[in-house]
Every structure is written in structure tokens, then in C-alpha cells.
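2 protein chains.
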Amino acid sequence: MRCEILSVGTELLLGDILNTNSQYLSRRLAELGIPVYFHTTVGDNPERLKKALEIAFSRSDMVIATGGLGPTQDDLTKEVSAEFFNKKLVLHEESLKRIKEFFEKRGLALTEGNIKQAYIVEGSRVIPNDWGTAPGIILEEGNKILILLPGPPKEMIPMFETYVVPYLLSFSSGIIHSRVLRVCGIGESFMEEKVKDLIKTQTNPTIAPYAKEGEAILRVTARADTKEEAEKMIERVVEEIRKRLGDYIYGEGETSLEEVVVDLLSKKSLTISIAESCTGGLISARLVNVPGVSKFFKGSLVAYDNEIKIRELNVPREIIEKYGAVSSQCAMKMAEGVAQKMGTDIGLSATGIAGPEGGTPEKPVGLVYIGLYIRGELSYKELRLSGDRNRIRLYTTINALDFLRRGLLNL
Amino acid sequence: MRCEILSVGTELLLGDILNTNSQYLSRRLAELGIPVYFHTTVGDNPERLKKALEIAFSRSDMVIATGGLGPTQDDLTKEVSAEFFNKKLVLHEESLKRIKEFFEKRGLALTEGNIKQAYIVEGSRVIPNDWGTAPGIILEEGNKILILLPGPPKEMIPMFETYVVPYLLSFSSGIIHSRVLRVCGIGESFMEEKVKDLIKTQTNPTIAPYAKEGEAILRVTARADTKEEAEKMIERVVEEIRKRLGDYIYGEGETSLEEVVVDLLSKKSLTISIAESCTGGLISARLVNVPGVSKFFKGSLVAYDNEIKIRELNVPREIIEKYGAVSSQCAMKMAEGVAQKMGTDIGLSATGIAGPEGGTPEKPVGLVYIGLYIRGELSYKELRLSGDRNRIRLYTTINALDFLRRGLLNL
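Just so you know, the sequences run in chain order V and S.
The first sequence begins at 1 in this note's numbering and counts up by one.
The second sequence begins at 1 in this note's numbering and counts up by one.
Errors might be hidden in some of the hints.
Claimed, not checked - Okay, derived cross-link-like pairs now, SDA-like style, lysine to any residue, Cα gap no bigger than 20 Å in a straight line:
| hint | chain 1 | residue 1 | chain 2 | residue 2 |
| --- | --- | --- | --- | --- |
| 1 | S | K200 | V | Q73 |
| 2 | V | K105 | S | G387 |
| 3 | V | K154 | S | R391 |
| 4 | S | K144 | S | Y167 |
| 5 | S | K295 | V | G359 |
| 6 | V | K200 | S | L14 |
| 7 | V | K363 | S | G387 |
| 8 | S | K154 | V | P35 |
| 9 | S | K295 | V | I320 |
Everything labelled a hint here was simulated from the structure, so no lab data went into it.
Please model the complete structure; the sequences and the hints are all you need to start from.
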């Protein structure tokens, strides 16, 4: 079954919004084993939309169209689809009830356009919208399938996952199941190198690597008759990946590096404070991403100025004079100093040259030291990062959190 | 002249990469007054690519295709285009020279695939690639125009801007010129409301609003015979916009809120330090985005814990007991305390409830206080923000920088 993705909306053709729906659907369809050969984007114009449907169905068995289900007169994907298949639009009472409730709950007035949203193509089944007003539809006509979904990703994605994925799975025998491994402290290409043969030879489960701002993700997806069977198949592959990547894998599923770190702090009942220089607060801000972190995180000192490092973090002036502020010695003193100042078990620090100015042949832009103090024990890590100021600061942040994670694991 | 954007690459159909090129080109073409009616994405498959070219040229006068100019055997946009127009591929010596130099400079070995990149469609003109290896081409055939550009945005965008935009302008009389106004401290919809009539009635110059993470942008674009004339036309509109938006406009062109703030600090020779609570370091990190900020920014204290606020920032315990840590009183004491601790002219602070926990009926999630100390003068701003934890922290950061900016402007 070939699928084509049709995005409807003049705002896409004007470049006002980025088409993330096509990518999302393509990735998910690939995981479901359904080939996608074309994406098309067309504006809110009935003739061109009808023409686009004609072309799409001339070369594909299934079309998933997003957008144009809104309440305005410009929204006419349903109208044009009905015309294309020579069908009428009929009122769907259940959807009208939902829409009315949606507005009542929010104390808003229902408009005529919203009533229009409750109409569906005759003979289609409804995809309920629990996240907004416009229902989607699935229309089977001969050997062709048309699926209409709203454009906003906040509605489109949960509707697709909740109602369309199970529908699509009904075409294939068995189910699809995946597990996500989260990796950091290793470049994406280096990670791929380590598991390249697995990626190439595996067809079920498949292994798909994704890069994500300084981290990497491996998604292992299996197709099997039952979930248990799929899980077993995935487990075998994950085991092999774990052998190769070891503790570069920091977590699984819906988590983040900072959540894993806070979880470790919680398990070991340890408090932390942070001393930052080149990152200027980014490490702390990442940690504060995690709700409830206040039980473990006391505070940070951003010591951008050397005098502040000396006065507030007790870094001996001689260390800065002898080794410089960007040195392992200074990083460790900063970590120790902040832990003592804030009265925490752990102190984490980062000092480096983020550029574009300030580099020298001995200490080039990208040289960074991470310092870690855990109950009297001091350690450090040297990084040599490339890229611009923002990249260096981002990678310093991730490396600092990862260094902390490894320190906590080894306790 | 109707234009269509054709994106070539199987990785797009697999959802491995997001198609940002189509949005970029669409926006720029809209600004140039060239209508775009369709986007199509097709994989690295010669038959389907040829078919896509056929369809595109059956409904559009110009096709801009990106991708498929790389060195591998999968890259065949040029080959298929040549076949489509019944043309041969010929070696372009100048491009071969450039490619050879590109590799020599990097100490890399030239592959056969890279030599392939130096071939162009017979009769086309070359778009030089100063940012990578694959040259682009412009092919005029009858009343049809085909423009091929590489897929990576880092090459595509500068090639488009440097060589394709002037080419496209040659079709219209005159030139296109724009100015960008940057706005903050006002919601996007509220901003649009204030200039809606201008946006609706203006056709030349046009006014286009964009939202950008808690800020907003207004791009004013004029078409005229000369740059001077365009500038005059834009100036009249900008004047009217400035009348309506006043100091909600924080800057123009390629700048950022943090750059504007650092620029003001520099002009007034003032130093600053920051005390953060709910933002956990984000405000400092934004300021540290600006290279050379170290002359003005001394350091920050992230006082997540109340005891740290009391001990390190000298916030009187009674203030926290009487008004709470999320109060205007505490915010101002934090600002004063950090300025004194770090020995700076200015202290900026933020304290609030970012959620999801910690809200009460009197102090709901989203309540935030910004405190500002400037040489003995104290002031504060109360915010009532909505959204999730990350949104509240982002908007607090922007509001804090904006409050500081206004404080500096009023000095």
C-alpha cells in the first residue's frame, strides 16, 4: 500500500509556517512499513486541491491530508474531498455534541463555522478530536483510502497516534512496537559507526538513529504478532546495542539527561549546587527544567568575572594566576567552592573559552574544563569542542550533566 | 510567473529530515512577489522524479528544485533534469577547479563522485557554490525555467540569496528591499491588532508579522525602482508603526534583545549581575549569548532555595515569611542583594512559580516578579503568565531583559 501525504494550507505556500506534519507522518509511516513516495502541499484553493487529489490518487492507494478542516470559509478540504468522490457532506451529531461541549467548557460562543466542522463526508468514519474541535475522517472508496486530519500538530499527532495508527495496523498482520534508547557523550557519527552493521543488517527489528541537539537517539522497532513477541525481539537487539554503547546510553523512552540526573540525586539523597563560567547559567537552567528539582538543587553561582571566582567561590588567586581561569585546577576549585558556599553534597562546575574571542594557541576556543566535587572527592574532565559559541556552550552543558551522571553512577 | 518548489530526497520521505528549504524559499518568493502554488517532495528515484518534473512544469512556469546534487549515485536531479529537457550533461571546468580547491584546502581526497558534481546541464548557467561542492544551475528552456540548488540549507540559502534572488529580480522591474522591526513585551496577537489595518491595506510596502519564541517580528518590504526609493517608502510605514508600537520595538535588523541590552550597558558604562530563582540561570545564559559581555556582566546567583536567598542575597527572613519568596518585596531585595554582592551598578532578579506544582489560589502558577536595582533605585514588575513550565520560564526571561532594557532607556 503506497501512501502520499497532502498538506493543505496557503500559509504553508507563503512560508508562514513550517511543514512539520509531513515529516512526522513520514517517519511514523516508515516505522509502520508503509512506503511514502510523494509529499504535496497545496493552498486553500478548491480547484488546485481537487487536482492535487486526482494526481495523488493516480499514483498512491492512500492519501493522508492534513489541514483545511477549520471553521473558516477558506477551510474546504472536506468539501473538495466530498466533491472528488461524488459524495455529500452530512452532519455528524456526536461531533456536534463534542464541539458544543468544547465551547461550553471554555465559556466561548459557538460560531456557524464550528457547526460546519461537525459535517463529515457521507460514508466515512469519524476520527474523534479530543484535542480541539475539527474531527478527522477515514473514507474508504473502492481500493482507495482518504484520511483527513486537522493541521495543528497538537491535534493531528494525538489523533493520528490514537485512532489512525491502529487503523493502519489492521492492514498488516501483527503489531509494531518500539523502544527508544537515549545516548550522550558520544558523537552521532561515532555512535552510528559502533552499531552500523546492526543498522544495515537488521530488518526486523529495525534500528533508526536520530540526532537531537548534542544527544542521539536510537529507535528499535519490531513487527510481530503480539506485543510480547515484539518486546522479546527488541530486547535481543537492545542487549547487543547496550554491549557496544555501554553507559553512553543514559536512558530509555520519554526522559531527558537532566531527569536522569535528578533521579540519581533523588535515589542517593544528594544535594547539588553549580558554579558556571562560560555556560553562563545553562547547566542550572537545564537542571531546573525538571519539576520538583528544588529538593536537590540549592542554587548556582555564575562567576563570569575572575574576581567573583576568587571572592565568591574561594578559588585561590594563585591558581588563576598560575594555571588560568580555564584550567582543571580552577574548575575543581570552583566545584568545591560552590558546594561549600551552598552547603551541598555535590558541586559541579564548568569553565572554558566559548569564543569567538579569547582563544590562544595553548588555550584555543572550545577548550573547556568540567569540575566535580562529591563529598570531598574532586575530579575533572577536559573537553575540546568545535563550532560556534552557542554550540560550545550547549555541548559543555550536556557534557557537564553527563560527567555528573557518571560520577553519580560510580558512587 | 508561477513557481513551484520541488524537494528531492528519499530522506525527506522517510521523515529523517525536516523540509525547511520549502518554507524558506516560499517566504522569500512571497516577498519577491512570485506566487507559489505547490510544493512537491519526491525521492531519489529517476522515474518518479521525472514524473514530478512533468507535473510541475504542466502547471508552473518555474521550478526550483533542491537536493540530489551530491556526489553519490543516488544523487541524480541533474541527470533526470537533463533527460527531461533532452539535453546532455557537460563538464564545467570552472566548477571542477573550485571543487578541487575545496578538497585541497581541507586536505581531503577527491572522489569520482565529486567530479560528477562539476557536470552541468548543457546550455544552463552555473550558480557557484562558495559554501560547499555542488554548483547549482539555472536552465531557461522556452518559457520554462528550472533552477537546481543543493539540499543542505547552509549551501542552498546563501546560493539562493547571492545568485538566484538577483536573477529573479531581473524579471520584475525594480528592486525589493525590506526592513525588520523586532518587538517584545507585547503578545503577537495584540501587536497584530495594533497594526492590522496597516497590514491589510498596505500592498507596497507589505507588512508581514512573524512570531518568534516570545518575541515578534514585523518585516516591511517595498518594491521600487531604486533602493533609495524603496527605503523612503519603507520609512513612511515604519514611522507609522513606531507611532503605534512605541518602545515595544526594541531593535531593527539582525539583532536580539540581549544584544540591545548589552549595547545599552556599554553605552552607559554600567555593570550588571543577576539573581534568579524560577528561571534557574536562563536570564544569565541569554546575556552570555552576546560575545564580549564579560566587560559588563560580572556574575549571577541562582538562588533556588530560600535559605540561599537569605544567606547569599541578604533577603531579610521576615520578607520571605511575611510576603513569600514570590513577591515584589523579595524580587527587589534579590536585585539589590546581588548587585551588592557582585559589586555591580545594576542588579536584575526574577522569582516566580513556574509550575506544574507550587501554585495556590492567591499565588497561582505563572505569577512572577521581576526586580530591578539601578544605583540605589528599586523597581519591580508583576507578570501573570500562562502555559507550561518552559513557556513560563522563557517569557519570564524575555520580560526580565525587556524590563531591564526599559530601565536603561529611562536613565
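Of all the hints numbered above, which does this structure not satisfy? Sort the numbers upward. 7 and 8
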